[in-house]
Structures are given as C-alpha cells and as structure tokens.
Amino acid sequence: MDSQPHIQFSDVTVRYGGDVALQDISLSIPENQIFGVIGPANAGKTTFLKCINRMLDFVPTAQVTGDIEIHGDKVMAMRNVYRLRRRIGMVFPLPVGLPMSVYENVAYAPRQSGIHDRTQLDELVERCLKQAMLWDEVKDRLDLLGTKLSGGQQQRLTIARALSHQPEILCLDEFSIAIDPVTTMKIEDMLMELKKSITIVLVTNLVQQARRLADQTAFFNDSQLVELGDTEKIFSEPENPLTHDYVTGGFG
Amino acid sequence: MNNSVTSNTSQATNPFATVPHEIWKLKVQSWVRQFFRLIAWLLILPVLAVIVYLTYRAWPVLSFDFIWQNPENGMAAGGIWAPLIGTFLLVFFSLIFAAPIGVLAGVYLNEYARDNWGTRLINLAVVNLAGVPSIVHGLFGVGAIIFVRKYMWSGLRPSLLAASVTVAVMTLPVIIASTKEALAAVPMAFREACWNMGASRWQTIRTIVLPNSTSGILTGVILQVSRAAGETAPILFTGAAFFMSFDSGFNLNDKFMALSYHLFILSKQAAGIPEAMLYGTAVVLIGLVLLVNSLAIVARIYLRSRKKW
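Keeping their order, the protein sequence lines are chains S and E.
Position 115, counted from 1, in the first sequence is what this note's numbering calls 115; the numbers after and before it change by one each time, with no gaps.
Position 224, counted from 1, in the second sequence is what this note's numbering calls 224; the numbers after and before it change by one each time, with no gaps.
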C-alpha cells in the first residue's frame with residue numbers, strides 16, 4: 001500500500017490503573033483502506049479504538065503514553081477534542097438508540113455542530129440512513145422513537161449516526177453483532193463503497209468478516225500487537241503460530 | 001434419586017405427582033404471602049384513621065367560609081385564610097431558593113464531578129445536612145438573622161424571607177439527592193453515544209440527560225413542598241406570627257402566619273378555642289399535603305407514560 005498513513009500509532013501504551021490494556025503498539029493505518037482488527041476477548045481491541053477518538057478521557061484511571069497521530073496531528077495534544085470526535089465516526093457493539101425520533105437521532109450530531117438548515121439536514125439524514133441500510137424500513141416513520149426500534153435496527157441507527165457528522169475515519173466495533181446476516185452483507189457492501197472516501201477501522205470477532213473486508217489485518221492478543229499484514233497473508237500464511245491458530249479456529 | 005419416589009409406586013409411574021414436600025412448600029408459600037399482604041394493607045390504617053377522625057371532629061366548622069375567612073376574636077372564631085396563604089407563600093419562596101440551587105448542585109455532582117476528596121466532602125455535607133433536625137435549622141436560622149443584621153443588612157427581621165431561606169436550607173439536601181438519582185437513571189450509553197459524536201458534556205446534558213430526567217427531578221421537588229408546608233420548627237423563631245393578615249398584600253421582610261404554626265398556637269397558646277377549629281386546621285393542612293403528594297404522583301405517572309426507553 002503506497003498511500004500515506006492516515007492514523008499513526010507510535011509506542012502507544014494504555015494502562016487502566018495498574019493494568020496494561022495496550023502495550024507498545026506501533027502501527028500505521030493507510031488512507032482509504034479497511035483496517036481489520038481481530039483478537040480474543042480482553043486483547044485491547046476496544047481500547048485501541050477508544051484511543052483514536054479520546055473516549056479514554058472519560059475513564060479516570062486510564063493513562064496513555066506514546067503518540068497517536070491523525071494526518072500528523074497529535075491526538076493526545078489536541079485542544080478541541082469535540083472537533084477530533086467529529087472527524088471520527090464510532091460504532092460500539094451495543095445498539096443505542098437515543099430517546100428521540102429516528103430523524104433527530106441522525107440529525108443530532110450535525111445540529112450540535114451548528115447545521116440547522118432543514119433541507120440540508122433532510123438530505124443528510126436520508127443519505128446516512130440509506131448508507132446504514134435502514135432507510136427503507138423507517139422512511140415512512142422517521143418520527144418513531146429511536147429506542148423503540150428493534151435491536152438490529154438500533155444498531156444500524158447507530159451506524160447512521162456515526163456517519164452523520166461526515167467523518168474521515170469510521171471505527172466499527174463488532175457492528176454486526178445484532179444484525180441479521182443478510183443486512184450485514186448489505187452493510188459490508190456499503191463499507192466497501194465507503195472506503196473510497198474514508199478510512200475504516202473494523203474490529204471484529206467474526207474472523208471471516210475481516211477476511212472479506214479488510215485490506216490489512218492486525219491480530220491483537222494479550223494487550224499486544226502480535227502480527228500485522230495484508231489480510232490475505234494473515235489468513236493464508238501468517239508468520240506467528242498464534243495468529244495461525246486464531247484464524248484457523250484452533251486457538252487456546 | 002429420592003426416597004419418596006422409590007417408596008411410592010404410584011409416584012414412580014407418574015414423575016409429576018405431588019410429593020408431600022411440595023404440598024408443604026405450597027402451604028408455606030401461601031401463608032407467607034398472606035402475612036406479607038396483611039402487613040402491607042395495615043399501612044393504610046394510620047392514614048385512614050387520621051383522615052377519618054380529623055374530618056369527623058372537624059365537621060362542624062368545615063365550610064368554605066372556614067377557608068376564606070381570617071381568624072377572628074383571638075382565634076376563637078373565623079377561619080384560616082391568612083395561615084393558608086402564609087403557608088403557600090412560605091412554600092413558594094423556599095422553593096424559589098432551594099430548587100435552582102439543589103438541581104444545579106445535583107447536576108454538577110452527577111454529571112461533572114470526578115470521584116475525588118472534594119466531591120466526597122460535598123456529598124458528605126449533603127448527607128449530614130439532611131440529618132440535621134428541623135428545630136436545629138430553626139435555631140440556626142435565628143442565628144443567621146442576627147448575623148446578617150450585624151454585618152450585612154441591619155433591616156432584616158424575623159420574616160417570610162428569613163423563614164423561607166431556613167426552610168430552603170432544610171429541603172435542599174433531598175432535592176439534591178433526588179436530582180442525582182433522577183440523572184443517574186438515564187443510561188450511561190446515551191451519554192457515551194453523544195460524546196462519541198463530538199457533543200460536549202453540556203450539550204449532552206441539555207439535549208439528552210435533562211429532558212429524560214425531568215419527571216424524577218420534579219417529583220423530588222414536589223415532595224419537598226409537602227415537607228415545607230408541614231414543618232413548624234424551622235419557622236417557629238424565624239418568621240411565624242401569632243396573627244398577621246395578608247388582606248393588604250404581603251411584605252417579604254414581615255412576619256407571616258402559617259398553618260402548621262397556627263395549629264400549634266390553637267392547641268397550646270390560645271385559650272377558649274372551639275375544638276372543631278383545631279381539627280379543622282389540621283384537616284386543611286393534611287389535605288394540602290395529600291393534594292400536593294397526589295399531584296406528584298399524577299405528574300410521575302404522566303411523565304412515566306412518556307418514558308422513552
């Protein structure tokens with residue numbers, strides 16, 4: 001991959017109190033790629049994502065050392081953390097519909113960043129809901145409460161929200177956990193389309209999902225980056241035996 | 001597996017037949033339930049007794065005139081208009097002071113404050129303030145009046161203002177606690193979703209947290225109304241008057257009559273009062289408290305029906 005790094009991790013270590021959650025992570029994520037992250041539970045995958053948009057600020061015991069850069073801007077030194085978070089769309093595994101209408105859910109972030117023009121919002125809401133494959137199911141009832149949607153629909157609503165502030169990076173943590181396989185496939189197609197314009201970091205427990213989508217895949221285990229490489233290589237001829245065991249299902 | 005099964009052939013053929021142990025279990029279950037139900041229903045008794053007895057004894061004086069008229073003839077005649085209005089004013093002004101401070105403090109403590117020694121100190125102070133007996137609040141209120149007169153404003157008298165502030169300090173901890181509780185009931189995931197989208201803490205509080213905790217906050221505030229209306233000790237020395245009509249308006253820096261204090265006077269301090277008047281005052285006071293409490297319940301039911309998750 002020749003494109004310049006979009007996200008650069010240099011010797012990043014994260015501790016919660018005394019517990020190390022990520023240790024000496026150095027890697028770079030190129031632009032306009034899908035970057036897959038796989039690994040067993042407690043490997044530091046979610047912490048890895050939370051570093052990127054500084055959600056760790058809300059964990060009082062979290063300590064981050066090392067440098068994270070987005071297009072050369074040091075994340076940990078940023079004064080305007082709200083602007084940083086608007087550059088990044090974040091989808092966490094549990095579906096969360098905010099207690100407001102579907103429309104308001106998607107229009108929330110644009111509104112909070114100062115967009116109030118109704119036609120502009122209408123377009124944005126429609127586009128994001130279409131990208132998240134939710135539009136057809138809710139287009140006639142956009143005033144329905146976001147919390148009243150089914151689990152899978154709420155998860156897609158969360159994805160639509162993550163896209164609503166037009167981020168340059170989209171981070172997905174187990175996005176498909178509550179979504180049926182058919183819709184998951186549709187969203188995966190959408191992600192392949194989306195990566196032409198933005199960079200996607202995909203944390204997944206479905207190893208085959210990483211294989212289908214990711215250009216590069218990183219395997220995390222026990223707070224450390226075990227192996228990083230082109231997805232085909234990680235899955236066909238990994239260098240580390242741990243990686244081999246994990247991707248072939250013989251882990252542990 | 002089980003002795004009773006092997007010893008009894010009919011049970012051996014029917015694994016679902018009731019064994020003696022199960023019959024006993026059902027009996028105990030039934031007794032326990034009846035007993036608990038009895039205890040729960042007994043709770044109605046004191047309330048019912050108070051209301052029925054008071055109303056019965058107060059019946060001769062209960063009329064609209066009793067409410068609309070001021071006390072006359074050294075309390076021995078007339079009604080309770082002035083004390084009723086005084087209680088309303090007291091409640092109104094004490095909430096004006098206590099509600100904003102309490103709600104803002106609750107929002108700070110639940111939404112912004114980190115868990116450090118400063119926050120713990122504030123929480124400890126709030127808990128202890130809630131434990132201060134109301135008579136101590138009353139005496140402290142007098143002390144505060146003397147202090148203010150000496151160093152800040154010599155014109156302050158024991159008055160509606162002083163009593164309202166005293167009652168406000170007394171109700172503050174409960175308003176703070178119920179606000180915190182209402183805010184904590186809003187799931188953390190909602191806040192995190194907003195923060196993820198670049199919303200600031202204040203934007204999140206304004207758009208998600210507060211709109212979804214209004215019912216709890218309001219309930220807490222409304223329940224303090226009945227407390228402020230009923231307490232006598234805090235206003236005893238800080239502003240309650242033996243007689244003071246509101247016919248020509250009211251002055252914040254003047255004494256006032258209140259139902260609770262009026263009841264105290266009628267029963268202990270004045271002579272020749274018809275007993276029915278005493279009971280009548282008590283009925284109106286308790287009616288007021290019950291009315292406010294039911295308003296709180298209705299408000300809560302209404303807001304809960306609009307609950308969004």
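Careful, some of the hints might be misleading.
Stated by the list, open to error - Under the rule of at most 25 Å between Cα atoms (straight-line distance), these lysine to any residue pairs were calculated in the SDA-like manner:
hint, chain 1, residue 1, chain 2, residue 2
1, S, K148, E, V50
2, S, K148, E, M188
3, S, K148, E, L210
What the hints contain is simulated information worked out from the structure, not anything from laboratory work.
Verification of the supplied hints:
1. S:K148 x E:V50: violated, 45 Å
2. S:K148 x E:M188: With a Cα-Cα distance of about 18 Å, the restraint between K148 of chain S and M188 of chain E holds, given a limit of 25 Å.
3. S:K148 x E:L210: holds, 20 Å
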